[in-house]
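Engineer: First to last, the sequence lines map onto chains X and Z.
When we follow the working numbering, the leftmost residue of the first sequence carries the number 4, and every step to the right adds one.
When we follow the working numbering, the leftmost residue of the second sequence carries the number 1464, and every step to the right adds one.
Source of the hints: derived by calculation from the structure; they are not laboratory data.
Accuracy of the hints is not assured; some may be wrong.
Said to hold, decoys possible - Part of the chain Z face toward chain X, derived, beta carbon under 7 Å:
hint, residue
1, Asn1676
2, Val1709
3, Glu1952
4, Gln1953
5, Gly1960
Stated by the list, open to error - Mimicking SDA-like on lysine to any residue, the simulated pairs with C-alpha atoms at most 25 Å apart in a straight line are:
hint, chain 1, residue 1, chain 2, residue 2
6, Z, Lys1854, X, Gly58
7, Z, Lys1854, X, Thr75
8, Z, Lys1850, X, Gly58
9, Z, Lys1854, X, Ala65
Just so you know, even glycine gets a beta-carbon here, dropped at the ideal spot from N, CA and C.
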Amino acid sequence: MTARVGVVTFPGSLDDGDAARAVRIAGAEPVRLWHGDPELHGVDAVVLPGGFSYGDYLRCGAIARFAPVMETLVDAARGGLPVLGICNGFQILCEAHLLPGALTRNQHLHFRNRDQGLRVESVGTAWTNTFQSGQEILIPVKNGEGCYVADTATLDALEAEGRVVARYVGGNPNGSQRDIAAITNAAGNVVGIMPHPEHAVEALTGPSLDGLGFFTSVLKHLVGTPA
Amino acid sequence: MTTHQDPAVRAAAGSGPAEPHAAVAPPAGTAAAGRHSGPAPAIDWTDGVDTVQRATTTGDELQPYAELGLRDDEYDRIRHILGRRPTQAELAMYSIMWSEHCSYKSSKVHLRQFGEKAPPSDRLLAGIGENAGVVRVSDTLAVTFKVESHNHPSFVEPYQGAATGVGGIVRDILAMGARPVAVMDPLRFGAADHPDTARVLPGVVAGVGGYGNCLGLPNIGGELVFDPCYQGNPLLNALCLGVLPVDRLQKKDAAGPGNIVVLLGAKTGRDGIGGVSVLASATFDEGSEQRRPSVQVGDPFIEKLLIEACLELYDAELVVGIQDLGGAGLTCALTETAASAGTGMRVWLERVPLREPSMEPHEILASESQERMLLVVTPDKLEPVLKTAEKWGVLATAIGEVTAPAPDGRPGRLLVTWNDHVVVDVPPGSLVDDGPVYARPMREPADLILLQADRAETLPRPSTPEALRETLLRMIASPNLADKTWVTEQYDRYVLGNTVLAQPEDSGVIRIDEQSGLGVALSVDGNGRYARLNPYQGTKLALAEAYRNVAVTGAKPIAVTNCLNFGSPEDPGVMWQFAEAVRGLADGCLELGIPVTGGNVSFYNQTGAAAIHPTPVVGVLGVLDNVADRVPMGFVPRTGGDHDQLFLLGDTHVELSGSEWAWVTHEHLGGMPPQVDLGRERQLAELMAEAARVGHLSSAHDLSDGGLAQSLVESCLRRGVGARIGVPERFADGSLPFVFLFSESAGRVLVTVPRGHEKAFTALCDERAVPWEQIGVTDPASGALDVHGQFRIGLDELRAAHTATLPRLFGGPEAAQVQVEAVRTGTTTIAPATAGQPVDVPDRQQPADADDPAGEVVAAPTTAAPVSGGPVPGGPETGTAPDASADSTPAPDAPTGTTPAQAPSGADDAPTAGGQGTDVPTAGSTPQAGADDAAASGAGDGDGQRPTPDQR
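Okay, chain Z solo, but in the shape it has when bound:
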């Protein structure tokens, strides 16, 4: 690649003085023609360009606005704004900028709560409305993070969809002035054993890895969730973390009339022109067939160079404003930068370096070619900017200049010419801020009451030691709980050398200052089943889990990001779920005292009438003053018969509805999700931070999907250290040992405390009013997990069951061997969860037999739970460790570190074979779906990579 030199520059500077006046905006409409200085209409015709002048003289020409997803009243509004019909290019621009994904027209009214309910924070340097939120973590350093979705493209073209999803969020972070330092990838797929999952998953994981690895960004965590509701709509969410000196924060304002507008990065091609392609085919042009939009193809190498080039530009203070190009491409970048500064802009479109010379103005403006940034630089800085770009081998081209607002103070206009034809003349703000806003009808889904009444607490539970043992082995082998190493092995977690914790740990922890040891912890979590049962509570639970995952590492949670994945907003039921979820997140953040700094909404994750479970994915960021204090999840190997004390913090209730057990064992989804007490979560977090700081903890692991059993197994397998557990007396009878092991009550953490620290630690718990109970001890010598009086399972058998599932499901060279081993141990039962299952699970549930929906079983313990100690009346303040002599079958320590267990919140997946897609993609008949299909084909994208500010 070469860097464009002087010609373009001089042209820009030279023609600058002459042009600006032309660009200064007289009233729209009639004046437009007057201002047009291009050739005569006749020539317009021969050029086949729809100019502003043509538009003024052919006002009645039919335009395909409906096909572009614009409603009649929206189209009329555009005509009113312009005082004439829009040109082809202008129509394309409005249709994109006013689309659901750019304008947030359906979600805006709800998302306002994030601002309105935001707790005061002196850390927030940039919040909602920017490319990504920026929070101060020290006097000199700030971090920025955000999660976005790229769902539809990833379904149609898994590898490129996922790759460009990562690339998009990374540019958002880069645009804030930060160096991207880590990524995470919450992934959701259909049934694990569905053929189409075998098509989508391998590509998605390879795409996430291929792009992230080549960018040199460690992947420090994520999620891997299988559920039939995602069969036709897999979810690829991508999170990126960036670090910047507080004084390097960048703005997107195209400030300073006379400043040069520079396009930096890849050439512009016909990548995912999306809905706009409809335009092409609607013109009278025979060539339109050859203009089909192509799928976006990511080039991580260019993006890596783009990152280095931008960081060098920032440090040399050569940039006035910067904006990344993602969804809506140039259209969005030009209008946003101008609108946010109130200035105008004059752009010579023919200067945009093209991959395909035959591209027309509206295609250039709508193209979503990857790896591009828009810079605003002062004329005197242009030379050094071009030199820096050349050093890194990145294309840099001056394509326009900033123009002044109108004399009367009105914002300037965006004037775009193409070979001297004025093809766009609009007020930038009209595309960015004046988009339509809808308060769409909302209605609680009709089936919800029956669904909530159908409680999992009424399902038959295992009540014998044998059944319990079998249940545990089946649970840890089920796709959602199984070890994710097979996937995360495909991600580089070491690059940059600052990864302190990565998946399968509860949070990823990154050191951001080698001198002080300052670092941040990040976790992303969501639970679609909980949210389906109760969107408000389910969203709070997602927030609580991410918050807890950060807290257990010893970090102090300070900020929140989110990615809201939902069905069609035109479905009142979905809209109600969305409203409830947003209300839950806003209320939850207020209760926890941490602000939402940004996020992203993805609608239309729906196939026909079947929407996905409402899936709010919440990311929480925390600060560690010294990463050396971080607390890992694995039990610690000790020599000489030494061991740690095992404590369970928080209350355990009979809460099985929406649980992994209910799904795996009974394919059941119903009832109410676990209660969530954010006040308690906050106390817990403060306790963990304090305990970590003073060194009371040798390990800590959050309890979530799969309950205590899952956490025990993961903590044992992490470093090959066994444990002996005593079931508290009040859980001794009937199926209560099962409840103790598999209930998914929130607000619980499993911690190990080195000998000598017990008293100080439990005193701290009482001080913070956090219920605690000693449930056992680690047993480094035993090589087994022993639940006293119930069962004893060797770590090797646990590991075989836990690690065999994904390789067996998704093939790969190791699959064979692992499978053999697994079969030998006889623990590869596939959970029912992997059986193909219609999306409308609830409708298939039997209405609950008339029995108290509240569930006295669930309610009783809480109401009577003492502030500290056991949750159940009569429960002992402290459980006693089982008699050490109870078990003493010595076994060799299991090998450490070879195949670590995986936390539920920690990963993703990848196989090799490719099946054929059998599902219909996203809602194809609805207007916005047009945009979403475009997204699917790599274009507009209902989600992901939007450069426009989120959640204004």
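If we strip away everything but chain X, and leave its shape as in the complex, we get:
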């Protein structure tokens, strides 16, 4: 049976369709989840897509974090459900305290969209197990508030525990501390990433196919995990 990967749509989600497409191309069945519905409909993993949930009018992700679907999702994530937060999804995961630190306004204060080099450093997570450690990939980054910040102790811990999933290479697009582009929780099932792997899954529309690895990884992970 093919894995079922949920993609949550909040009011203001923008890349939910793209995330669903990426899941499909990776070979899984995308299941659309609605912010107002606490039910996860038995999905095997969840993607929180990019966008401007609730307009991001408070702090990015600060309102989405209280959506009914999040209450269920936070528990499920703590229970080991693979969750990938992309861009706004990453911000929501931080606001929900599933991941440490916060994402703040880009240092240069501009929204920035470019094809970004990343170095994958942690390949033990549910979402990166098909990459080689140290592998450099190219996927789009596009955000206005993608500057990752955390206190020194947290940053040191993240690095010490191998929880920095990816760093920016060839230029830091938003001023993130220690060039951090993606991190994971201690269990490795929850990953937040600022750039957009779902925009690098087709040769025709993306700068590479490197993004696909995140979605095939979770399938590999699920096969390895007895349901």
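Got chain X sorted already, so can you dock chain Z onto it with the hints?
Structural biologist: Positioned in the frame of chain X, the structure of chain Z alone reads:
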């Protein structure tokens, strides 16, 4: 936000049966009083509302119609139509609907040509007169696209002006039943180094990005042009593309008496009440000071919800008619929907959800609050409609109902009450279709003859390799030709996952069907300098460039939209330019066999007596049966010493007048723009489509501003692939190599052909009678652009020069680093074009020395040009590639993709700092300028976001 539930609904339904008869129209005038069922005049006074009854009893009351931009005869006409003086609300409505921007009273007589000269098209599902043109691209799918201006607001409040400009055009597309899938933004500013440009540009770019990014619409292209003529009148044009199943096309008709009128979206506030504010201050009301209109503030989040809600309503077939609210707000939406159906309408104005409870009827009717749509739904569908709105958290309120036409068949009337006072009772058609129409006086500008005689072909040209090298580096670094990444980086081009090509490519290409690969290509282009020199030809050139930009991607051009930016129509010179431009576009479309599907006119882009260059911006849409066949602009990296053959298609003449070179090097504008041969453009387009389909092309890039040199540099830098060029023999002497590299002759394309395809490709060219010439080869290993016998420039040096300009001009964190690098390479000379320059450039030109204005230099080659092969007599059929051994200094491939070059037609701009505005805004003393100032303050808006059909 919550959704209004039953109360309003029941009220609407309940009072419905009782009211309609009251709304059915007896003859206007005396009957009005009779029909009025409201409280006694005394109470009117206490309420301070100018009711229809009051109007009938106080016929002599002075009204500020002149301040609202209405002429005496227009005001008399209103009184005649109503058979009494209009109420305050009615006067407000007429003044807006009869304004230049809603009524097109000055342009109508000319715009008719678009219909009259339109070539037959079986693709057109909706054309001029609708919110946007709709063209069928397959049996099941259609696309809709349109470009509009939001110039004046963007000058006064750059961020919100630009943001609401995007929001407005997106709602136009949405109203057709389409899902918006992409935006483009042609932008024009004053001198790049003028302090006010540093105030306006950053805000405009941030506004375009802020709104578009938050809506989740990829920005796939646009323009960024600097010219002193736009100093006091920057141009923000915005284009939106939408896709719909052919059977989901929506109508704006308020059909079916008894149907409910629903207002969907944001609350109504005092946003840009515009000219109407004059009314408020003209009443005897002390409170009027507190009623100043506020600038429109866009809320992209609400608009995103509005889009999703509307699409769900369409798919569930819950909507009878729909119209967006933009310029002229409710007034326009109510009158248009009723007029187009011939029905009447009964509206309870107090039901309109207000942001400010103290708003008066005329303010509610004139408000241009953003993110609102007007729906017409059958009573049985009202519940599901409200539920859908609630699901998306969008406010939905039943504010009225459709009423029947008169028994004798005359259209129904629009009856608006406010707390039981009848404040409006008019025939809707009188506001929409019976507006004034003027054939304004036209006269060719007196300075035009001298201007055209002052030809750039007579200017001194670089004639040594060193001078040529220096010229190229200065040109690619000049603001209009420099890399635009610094701006386009602020736009999301990936969202929705269907962007196949985006700026800096010649066209944006969007996939609209993932299964079949069906897609569309879009390009918008304009050249104010060409149009200034010759509006007719200049407009054809804009059309030709947009058409060519679409064609080079391999797409088949099928439809045209346009945004005509001009000065004051009350200036006969401007009116002549406008008439010539419209004639040029209509004739051009007829020649190319593609129809104008809609567009927008923006007048009064004028500061005092100084008008902008006439600036017709033309958008062309093409179809790609399979986007996988699209041809990109960048030279292709090859390994193992392999390379592609470089061909130049089309004829190169000595055409420098109005060119970027003339401006950058000599601050010169004069002469006649390049010749344009649309028949040839058509052949070229057919050739490109065929060649792309059979895979003869590895890259293709249009030649326009900056000529061949610019295209070569852009194609090299796109993917970091060098090239070796041989200057054809006939261009070998004196300044002719310069002409070869910088002439802006139209109808030319630079293509690369993989080895093995040359013969088939050139045979195809001959078949299509398209002149071709091999001018060199790509050189993936060299890392340099080498023009044989002239100069060799490393890609790194080219990139440094090309990318440093905008960051240096508009600051930003990277500016510093880039600047350092640029300074090191010594290529940051600012082009004179950036020097502050009065708007009346032409008057400052010296009259040309008596020498043949036609210019034998320009003319000769054409007359003698063979059908194919070199344009100049004696020119070889095919140029030969320079000896490969001529250059063999190996250099590493330049890094690819990090800072791609930018096509001239591909972008916009944004810095950080804000200077102080120093220019006077738009013509403030003319009547319509009243409306334009309103527009400027975020209101009425002489351009942009009009919900009324364009170019009827």
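Engineer: Which of the listed hints are not met by the structure?
Structural biologist: 2
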